[in-house]
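These protein sequence lines map, in sequence, to chains A and B. If you read the first sequence in the numbering used here, its first letter stands for residue 2, the second for the next number, and so on. If you read the second sequence in the numbering used here, its first letter stands for residue 254, the second for the next number, and so on.
Read the hints as simulated data drawn from the structure, not as lab findings. Please note: incorrect hints may appear among the correct ones.
[As the list claims (entries may be wrong)] With a cut-off of at most 16 angstroms between alpha-carbon atoms, the simulated EDC-like pairs for lysine to aspartate or glutamate come out as follows:
#1 B:919 to B:379
#2 A:21 to B:368
#3 A:143 to B:896
#4 B:310 to B:379
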Amino acid sequence: MELHFTLNGRPETMEVDGSKRLLDFIRDDLGLTGTKEGCGEGECGACTVMLNGEAIHSCLTMTGQLDGGELWTIEGLEQNGELDVIQKAFIKKSAVQCGFCVSGMVMSIKALLLKNPHPTQEEVKMAIAGNICRCTGYREVKAAVQEAAAAQSEEE
Amino acid sequence: MKEFHVVGKELSNDQAYGKVTGRLHYCGDETTQGMLYMRLKAGTVSHGMIRSIDISKAVQLPGVRAVYTCENTPDRLYDRGRVGPWETVPNQERLFDRHIRYVGERVAAVVAVSEEIAEQACRLIEVEYDPLPFVVSVDEAEREDAPKIHPDGNVYECAPFDYGDYASVTDVLCHSSCSHIGRMTHLAMETQSCRAKYNASEKTLTVWTGCQSVFGVRSTVAELLQMPYSKVRVVKMPMGGSFGVRQETLLEPLTSYAAWDLQGEVRLVYTREEQIVNTMMKHSVDAQVKSKVTADGVIQGVSLSCRLDAGAYLTVSRDYVSTIGEKINKVYRIPNIHFDGRAVCTNTPINGSFRSWGSCELTLCLENHWNMVAGELGIDPIEFRLKNIHQPYDEEVVHQVSIGNTHFEECLVRGREAFRWDERKEECRRQNEQQRRYRYGVGVALASHTSSFYPYRVDVASTNARLQEDGSLIVHVAVHDHGCGTVMALKKIASEVTEIPLENILLQEADTQSCRYDHGCYASRTVYSLGQSVKTCCEKLMDQARKKAAAALRCNENVLHYEAGVFFKETEKTVRISLQEICEYSIRVTGEDLFCSVTTNAAANPGVPAAHFTYVRVDTYTGFTKVLDCLSVHDVGKAINPDMCRGQVGSGIQQGIGMALCEEIKIDPKTGRALITNFKNYEVANAVDMPDYQTILIEDPEPNAPFGAKSIGEVVLAPVAPAVVAAVNHALGTQLRHLPLTPAVILEALEAQK
Ligand code: FES
Ligand code: FES
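With the rest of the complex left out, here is chain B (with noise of 0.2 angstroms):
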């Protein structure tokens, strides 16, 4: 294989040293002369009209610069996970509203010059509600009768999916289960932050935030503020972290506004409590599968019902549900499928994007289908999962598109042998015949995800790339970082490519006036789709150099080598020349700048095999499951970043562990309010409770992608829950779907073997 100079090589936070020293600055971290601060205060009601808002006490107080409602604030309607202005899209938000939807929704803002001050005018504020009848279960939601949260009613269908025909499908053996996800809350560690800047004199806007999506959230600010786009600037800032909760345009639409209506410059950094209330949560889910599956264990078909809880506002929730029906043909062959899925509304917090969009969900519900099904039959699951799999290059049903050189079957084989698998498995069937305290499982799951958005919707992926006077590069592309290192695989790209050293090159993140057009960096599209476009700009950007070194040596281009920063004569080692030389002569002589400016559109879509397998002991005297080995077995084509691999990994099991066994935002049935809203009650694992984990990962190159590479951020979630809740059925004799299967759970379901 070849030897790659940085692409594979470790140290891959661009930003480490910022980071460790504490310099880096968040969004939240800048202050400047004359900034004013916001805060948001938050309604009491799951449901009613704002009959009077009583403002004039906290305008009066000294250092409030202005008090923002429904009554002073556009009628404008926006909306959250739009980035073009193309989109048709829910369109249910505005700054203010009068009709407020749950409990905790803001219902004024005020700015004034320090945080403290703003705080203590909201609470100067006097609001009157007219209640309104709510509805905070689906179940009630979905009535005929049920009171309507918005004007178009509750439900939001999405048109359903057929692929052979499921319901002709006889002489197999039919099985059926439900899951269920619960809530949660990201817990990305910085809570959200946002700063806007208006320039009076230029008429400028500029908005500094961690987002996903500059291009997004311009659209939507210039839109409410009826700018034109050129005159609004948005600068991605570091990010404490996304997991999807950056990905929508939350803070950005009032805090530019006010900066806008001020013509200053605004902060708005949430509080723990906002950040799980006023952002969105990640979807409850119900699901129903069934299958049809030969005797042998070969399926058939495989029909999925799903419903999720959007909150308040639909958002993006119908998308995410027929997402998750797209993705549902990229792990198996399936010669017929179903699905069908609807979001629904209802008088509680909103609920919209989370890592992997619908892969965790899917792979959740599936999984723990086929499990289920591979108990049924006495197969063992691996054994059931390997006659099933897509072999590479197979098509997917759905968009008819290739699922690229994906090796799932290693991934089982593999991962069965580094886990001890078959031992394992009999280890725990010894330990637990003498049905003592503790039990022990195994459970194993499979998933896989996108790299791109083809062909959801035409992928874009932009590059400009300059050589600098001195040889050095400086590389725009719309990067939008969410702290796991893709500004590093993108500048290894570059630096594999022109063998310019790392230190030389500067490639920043997303930057609407630096940049060219990119709808965002999610889907894991960013090293697929934007290290393609990297690559793609830094060849051609090499081979303009080679023809002006050619000219320069006067000779042919053919005979050039390149070697670290020189074109040299293989024959005559001393006709050489630098890229700095180039540069000079390319300016000097024939009156041209070095640059490059490439647009690619990722015209695949690989899948990402990933198989989680884990070992749980479950204590049935107080119902605590215990993770006590894990191992992730991840295709990723080619790792540009292995150390951030491997780190992203990790966190994917701690997110999956508590999906399946502790995180959960609960909804108080009564009114609709989140029943946690700070860190305290949220059961997130720490260092203690992690367990030890590996992790494999199977490099074989991608054709047709940036060094072979392919996607790993969102994937690394989605396999883990369902392994372990397998294991816990395993370990247990049970067959608990409903997630988390906190402690109160597990005895439970004892009780009920008793």
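Pulled out of the complex, with its shape left as it was, chain A reads as follows (with noise of 0.2 angstroms):
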């Protein structure tokens, strides 16, 4: 099929198998690498993209849904060579290790923000709890959401 949709800000068209799922297209057809897959059944949250301003799962949606929407992936929220607020939060908390989770984590935690700048901390535990992360006990991951938050509404 002839997909139409805009990524990372920018409108592509390209010619793809609808029923591919949507992480293989984005690793393999993009080539945007950033996006991973930890389990392929929806339970990890390491392949976390944001379509239309909701955190999906890319392993679980079919790349046809994608058709006139709006993708962002892990690798479009540096703008101009300078980070997103999340991004750098994530250093500054230390809220990075072996980083395999972290780009679900941060389209989670984008796609939070979006909907609401000002989430408690019960609310920045739900947006991530489909993000398993093995390494850091999450304590960091809070800590970030909160530093990016404020640092947000600071710019605003």
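From these two lone chains plus the hints, build me the complex, please.
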């Protein structure tokens, strides 16, 4: 099928197999390997991307569902050489260890902060409950979200 | 205390930028022109011989390049746990074996132009088996008449250890307890992956893998392919967590074989199911602990017998058992000790290396026991421990080496205060008085671990450092970062010594071509052993630079001061020379390159005391345990990366709580098959489940350690589970020690109490 969508802010048109997993489309066809596969069944969150403002599991989504939509992957967050507030906060709060969960984690948080710029601790936990991290115990991640939220509201 | 430039500062992840932007490539992220992909076919019998294997349909599928089975691959044995060719190891594995020993064992591999085609071809392979009798449980496998999984039987004893004379201790109270730990999966977020490329014109092979020992992988691969070690290059790739699962050589032999055979580049990435079933699991352990303790709580003797389920191949399991024994005297002063243990093969998935290699198992069994003993004697568990712990520089009796500058007492005492142990204990008593729905409990446990290989084996750590022409620095050391910041730790050490800014230092991960020999990054030795080698090397390099500076400035080197890349005369500050100028002088005037190559051998193995305190709530209606709060206290010597140390504590807590309460891969008693083969059914704490936790790092520098640093990466796990078990038992007045304490187990115990 012919697919029209925007990728990280830029319009794209491509001929694709609409039944392909979105995750494979992103990694293999778009060559954006920042999105990871940890389980392939919607349980780990490593493959999280943002589609039309929602954090979704790209391993459970078909590429056809992208048609007419707006897709953001981790590669799109750094703009003009400047990291997104969430990325900065992850570095500043040392929320990154092996990093394998990080792109998915950051995308979940991106979707959260878009909708809810001042989340409570509980809301933060809920937003990343589907993103499993084996390295950090989540404490630094939660702190990074608060940091990002604060930085974002300062910017505004 | 001396002010450090970079040691002890935060922002400790060398690759943080690459990780938050998705730019960092893990092994499975790389694709190249012409790359081929491998998929595996899993066997379906518990135990049997392959009668026939029909690959005719698979090889005909367009896009398939090769199909490998036991019929067309070399009949050569290798060992996943081996690092050096001099090691005596079980050597039970082949690329493919006609003899299949567990459900899920690989029986064939397909290499094709895409993963999809390879996968499809796997389904076209037809295998017929002649089933053999099999054993699933360790009890069955130990029986005289049990079917043999390997020619030498199923039971592998390890040499018992005795110190003093446990049997002859009299006039004391005897206690006995049994503990059980279930199988777990490491759950590193990245599944295993490997790429290998054969260059036919050079006759060289390059292997990229997120491993813990490039030299170990090289040794196994080179011998399997009968290539000279010099022609095989192994490069350590970033890894998405290890927790022990990347310690052994798993995917590399087969991927390399295919690359060599096809004279091309081949990639294999495991699915989560393969990751769970075809790497290794954490051993299930049964242990009996007996002790002799005086009425006022002084330990006179301990005896530990343990049995590990090795799974279908022995691999590292016998060593694992002996390591448990070797660690038995790292925490308490005990005058009489007995240890024995064995590993038993069963027709189930393989068990093997797991974070802490015995420390978490040993700690669980012993701390469960001491918590029980303290309870029976009516002594507070912290008080009990304070009577028995090692003092700094005590000698542990197994290897008769000093435990170093360790502070068990401080860990307990500071933790007790910070955790409000006494108040909380009293609160729990009051809360539980009414016997309402929720019961509360507190628990504590104490552990230690290693910081080097010494004296288990000679610890060899080598560094090369060369000053570049602009005054920047390249350091080669065979470091394997598990994702927890060890590259940055070593870089900080180099920067601290040379005062060259971090951004001007290149220190990459292990590569057999550019690094000198190293056994690998495990046993928590990276910072202590490799760090000392980096430090020594950089110091020597700076000595050379100083000599050159003195020659260039025509003065005595003693009058020179050094600061931020410049040597100068204290008395005449304009007489100065920068590292860049020294390099130029050295090359152009004296005709020498400024480099240094150093090998250090750790001659000590300081312990790393760790105390964990936890507060839980058990729901007597549902049997569900919630950890409400916990605290870990770690004596690390010096935290080079304090933020990463704290981060690792969090992961240890997550894994430890999992071990105590919910994480388990159950085995089908009828077939030996893993009953959980996906993420979905494996209970792991997410951001909602994880409790709040506090961390205290005790920093009193260890002598002869790089800026005093010892280790942390593995010990973080060790004390967590037994503390949680103690808290549950405290809450319920039970004596549960058969892990995990799932709601079903707890409800059953409550039922039995009635
Ligand atoms: S890979 Fe999609 S949720 Fe795990
Ligand atoms: S940082 Fe390793 S899984 Fe999250």
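Hint consistency between residue 310 (chain B) and residue 379 (chain B) [alpha-carbon to alpha-carbon, up to 16 angstroms]:
holds (9 angstroms)
Mind checking the alpha carbons of residue 143 (chain A) and residue 896 (chain B) for me, to see if they're no more than 16 angstroms apart?
Between residue 143 (chain A) and residue 896 (chain B) the Cα gap is close to 14 angstroms, so the pair holds against 16 angstroms.
Checking one constraint from the list: CA of residue 21 (chain A) to CA of residue 368 (chain B), max 16 angstroms. Satisfied?
holds (13 angstroms)
Is residue 919 (chain B) within 16 angstroms of residue 379 (chain B), Cα to Cα?
Not satisfied, since the Cα-Cα distance of roughly 29 angstroms exceeds 16 angstroms.
Checked against the numbered hints above, the structure violates only hint 1.
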